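If you read the sequences in order, they're chains A and B. Heads up: the first sequence begins at 1 in the numbering used here, then just goes up one per residue. Heads up: the second sequence begins at 1 in the numbering used here, then just goes up one per residue.
Derived by calculation from the structure, the hints in this document are not laboratory data. Predicted model only: the values in this text are computed from it and were never measured. Hints should not be assumed to be uniformly reliable.
[As the list claims (entries may be wrong)] Using 30 Å as the maximum straight-line C-alpha spacing, the simulated DSSO-like pairs for lysine-lysine come out as follows: (1) A:Lys504 x A:Lys472; (2) A:Lys265 x A:Lys299; (3) A:Lys265 x A:Lys94; (4) A:Lys69 x A:Lys94; (5) A:Lys94 x A:Lys61; (6) A:Lys684 x A:Lys472; (7) B:Lys67 x A:Lys472; (8) A:Lys504 x B:Lys67; (9) A:Lys660 x B:Lys53; (10) A:Lys504 x A:Lys660; (11) A:Lys684 x A:Lys660; (12) B:Lys59 x A:Lys660; (13) B:Lys59 x A:Lys684; (14) A:Lys61 x A:Lys265; (15) B:Lys53 x A:Lys684; (16) B:Lys67 x A:Lys660; (17) A:Lys69 x A:Lys265; (18) A:Lys660 x A:Lys472; (19) B:Lys67 x B:Lys53; (20) A:Lys61 x A:Lys299; (21) A:Lys684 x B:Lys67.
[Stated by the list, open to error] Restraint ranges, calculated between C-beta atoms of paired labels, are given here: (22) A:His78 x B:Thr98: 56 to 64 Å; (23) B:Leu111 x A:Asp701: 34 to 42 Å; (24) B:Ser158 x A:Gly395: 43 to 51 Å; (25) B:Glu94 x A:Ser462: 27 to 35 Å; (26) A:Gly395 x B:Glu126: 39 to 47 Å.
For every residue, glycine included, the Cβ atom is placed at its ideal position computed from N, Cα and C.
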Amino acid sequence: MKHTQLAAAILAAGLASQVGAAPFAECPTQAFLVQGSASTTFGVNLATGSYEDLPEDKIPKTIIEGDGKANAVGYNFHDDHIYGWSYAHNSIFKMGDDFIAQPIPRSSLVNNNLLQTGFYIGDVSVNENAYYIYRGGNAHGLFRIGLDPEADDYLVVSRIISGSTLNYAIFDFAFHPDNGSLYSVDRNGRLIRIDGSDGSSQVLGNVGQSGTFGAVYFDVHGNLYISRNSDGYIFRIAVDDPNPVAEFFAFGPASGNNDGARCAKADILPSSQDELPDFGDAPDSYGTSIENNGARHEKNEGMKLGELGSNDGVQLITGAATGEGSLVQVDAQGGGALNGWVDWDHNGTFDNDEQVITDEPMDDGINRLVIDVPEDATPGDTWGRFRYSSQEGIGPNGGVSDGEVEDYAITVTESGVGVITYPGEGSFVSLAYEDNWPHQGDYDMNDVVVSFQTRKYVDASSNAVRYVMSGKLLAVGASYHSGFAVQLDGVATNNIDEDRVYLKVNGEVTTAEPLEQNAPTDDAVLIISNDLWEEVTADPGCSYFRTEDGCDSEQEFRFELSVSLVNGVPVADAPADVLNPFIFATPGAFHGPGLSVEGQVHPGRTLEIHLKNKPVSAQFNTSFFGLADDNSDPDNNLTFLTDNNMPWALELPIVWAHPKETEDVMEAYTGFRPFVESLGINNKTWYLFQNSVNNRVIQND
Amino acid sequence: MNVYRMFVYLFFAAILSACGGTSETSPADDNPAGSDSSISDNTPEPEPEPVIKSTADLKTTAEFELKSTETLELDLSIAGLPEQRAYLYVCHLETNETLDRGRCLVKTPILDGAYSGTFNVGNDVEGLGLEVWSYVPNAEPVQHFWSRSEDTMNWTVSL
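Same shape as in the complex, but just chain A (with noise of 0.2 Å):
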């Protein structure tokens, strides 16, 4: 090093101590934009594109003492200050948390003789703590000056290359968290990377939009996200894709004379929960991550649907019928717009032509319109999504500064039917089987426990035409093999429209085909499991699936059924309610001693255990009937009693908590037994959670 290059840089380091504004917090989310020719800076969220003015309660917000200019800031990861370019100086800035740039004296930098005036484009380094400025033009070029006070390049200027031969019209450009490459996007829609190490670039292809790109960030996973001055419209590039696109992400605020800096080792959502903008609920094909773009707004006391966090502000009253129209009653607050889609055709988007509502105005408190259903939408289940906000022309994706998203799951029907619900939307019973029959069990009600819902579609003429069972596998508490299924008794097979037929499990659509192939005459049963010790395992230091103590297990068996009938039922001949739902041992599986069957060792398919006095399928074998403890008189339709007239199965009009492993229910719930004895009359509601021995159940979400 030069004498003279000692002397500036040990006069450097002593103006470096003397600019004692505290650091930023560590690597910040929130992106910072400097802008107007008397600079103020805004935090920008750029998830949301909602801005606030920085510091909120200085005054002056200018940066620059005199109201002067400031461009080319970049954030520092290396001390956590924005560095910048002030044209009133002439020469560079730091800045830390209280928003007041301190300029570096043009005379303390090393070799500034090769920097003229006017930098515009800058940022700092990731990889090495050095701060690079550039501006196209022969007198120009891209510069590194050093930053680190203990480096012997410390505020010393160095051209890495021409602006004559690095010549592109761009306003900004940003620091790779990982690759140590800068990254820009020219008016035209060029991406541009610049190694700046050398100054060597590339073009890496247009990225569709065009226009003054006047702040450009990059987030930790590698996304460049970039601002266009004239309509603030923030755009997410993948650099890394071999074809990248700018796709819109969210409206931010519309600025001139900018420049943005962001820590790119920084997510681009908080890590507070409290901090998080308002997502949708909808599965993820229709954007609802952050990473598929998800619709999302800022919080927001004073711009919501219904209870701000709650989903509860859009309602279709009259049902979702084909070719019909909705009654939509919307509850907004904050004289916002509201937008709307719904996915008729089922394919997990939301596309352009399944906008139902447009920027429409809404009034603080109920209002009410109407949407048209297609005549080709298709009946069943679907999603829409509904978006409020002050800002007009969103999308179904990407964020806005204020409002709220609200997805609805919506059950679309063909014209006049209705759907009854057993036990209620959004409740369920539960189902609780000992599967030792005909041999007595030790009565702790928990060898399947299942949470079942029904619901039941009900046409014009009052035929049940469809029904959808769903629930959730709550505990297996024995060591049997056994599966779990429905009968829909007075439904013959042949009845039933099997191409229609469908079953979830965990919310995906399964090749398992439900309908079990019996005599055409015989009553239809549906499959959800041949073994519920395949769905679900006992987690380590259990011996089963939620019975123990420490056992609540993590894994889910959720399942949805939908069956169509291809000639409507009567709804008063029709199943109804909880239907007739059983557990069979699981072919190939031991399942208690005696019952082997023609040969089989094991009896399968054909032992079925159902809650007391349903009728069995064809499947069943009758000769078990009577057999050990069982006392059952299937001629006069009493099934599955003991000489007690005591169950193998219950039915609880609850999410239940079923009782721990060798727990009697009646010794886990003491009103049990005065419910038996007075045939029902006393103790009706012994099954709820409070009338339990808490220490002896387990309970269920």
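Could you slot chain B onto chain A? The hints should help.
Coordinates of chain B only, in the frame set by chain A:
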């Protein structure tokens, strides 16, 4: 009696004892009611209460299915709706007089304000509500509520 036979004998004796079973030569058979040998002041011993050690010992009737639900019959008739078509909700309650439309038992279009149906409701359900909406945006819905404590299981609505 060898040791094995003695073991078998004791085993079955123990089982009979545990099951509370009786032999054909029980004292009751020895002293049939009305016989001369009866002693007038010797009142019969009350039958011992059955020992209930587990659910297996409980007794009930063959017909009682241990259901914890009751059947509610709804008969609805509303006159003077703005249109022939309307839409009916029968739902659980959020509060005493607010329907929770996310927890409905019935959502169905109806004609001429009429509907009949039966529902099994859990014993813990204290009340339900219904709303009838016309398809006219500004018309207010007709509401009615059922309370287990105040009403029977026949829910008749005639307005």
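Results for each hint:
1. A:Lys504 x A:Lys472: holds (11 Å)
2. A:Lys265 x A:Lys299: holds (25 Å)
3. A:Lys265 x A:Lys94: Roughly 20 Å between the alpha carbons, so the hint for Lys265 of chain A and Lys94 of chain A holds.
4. A:Lys69 x A:Lys94: holds (14 Å)
5. A:Lys94 x A:Lys61: Holds - the C-alpha atoms of Lys61 of chain A and Lys94 of chain A are around 16 Å apart, at most 30 Å.
6. A:Lys684 x A:Lys472: Holds: Lys684 of chain A and Lys472 of chain A sit about 25 Å apart, inside 30 Å.
7. B:Lys67 x A:Lys472: With Cα atoms ~21 Å apart, Lys67 of chain B and Lys472 of chain A stay inside 30 Å; holds.
8. A:Lys504 x B:Lys67: Within the cut-off at roughly 29 Å; holds.
9. A:Lys660 x B:Lys53: holds (18 Å)
10. A:Lys504 x A:Lys660: Between Lys504 of chain A and Lys660 of chain A the Cα gap is close to 29 Å, so the pair holds against 30 Å.
11. A:Lys684 x A:Lys660: Holds, because 22 Å separates the two Cα atoms, which is no more than 30 Å.
12. B:Lys59 x A:Lys660: holds (23 Å)
13. B:Lys59 x A:Lys684: holds (17 Å)
14. A:Lys61 x A:Lys265: Distance of about 27 Å is within 30 Å: holds.
15. B:Lys53 x A:Lys684: Judged against 30 Å, a Cα distance of about 22 Å means the pair holds.
16. B:Lys67 x A:Lys660: The hint holds at about 22 Å.
17. A:Lys69 x A:Lys265: holds (27 Å)
18. A:Lys660 x A:Lys472: holds (18 Å)
19. B:Lys67 x B:Lys53: holds (23 Å)
20. A:Lys61 x A:Lys299: Within the cut-off at roughly 25 Å; holds.
21. A:Lys684 x B:Lys67: holds (9 Å)
22. A:His78 x B:Thr98: 56 to 64 Å: Holds, at about 57 Å.
23. B:Leu111 x A:Asp701: 34 to 42 Å: Distance hint for Leu111 of chain B, Asp701 of chain A holds at roughly 40 Å.
24. B:Ser158 x A:Gly395: 43 to 51 Å: Since Ser158 of chain B and Gly395 of chain A have Cβ atoms about 49 Å apart, the given range 43 to 51 Å holds.
25. B:Glu94 x A:Ser462: 27 to 35 Å: holds (30 Å)
26. A:Gly395 x B:Glu126: 39 to 47 Å: Since the Cβ atoms of Gly395 of chain A and Glu126 of chain B sit about 45 Å apart, the hinted range of 39 to 47 Å holds.
In this structure, none of the earlier numbered hints is contradicted; all agree with it.
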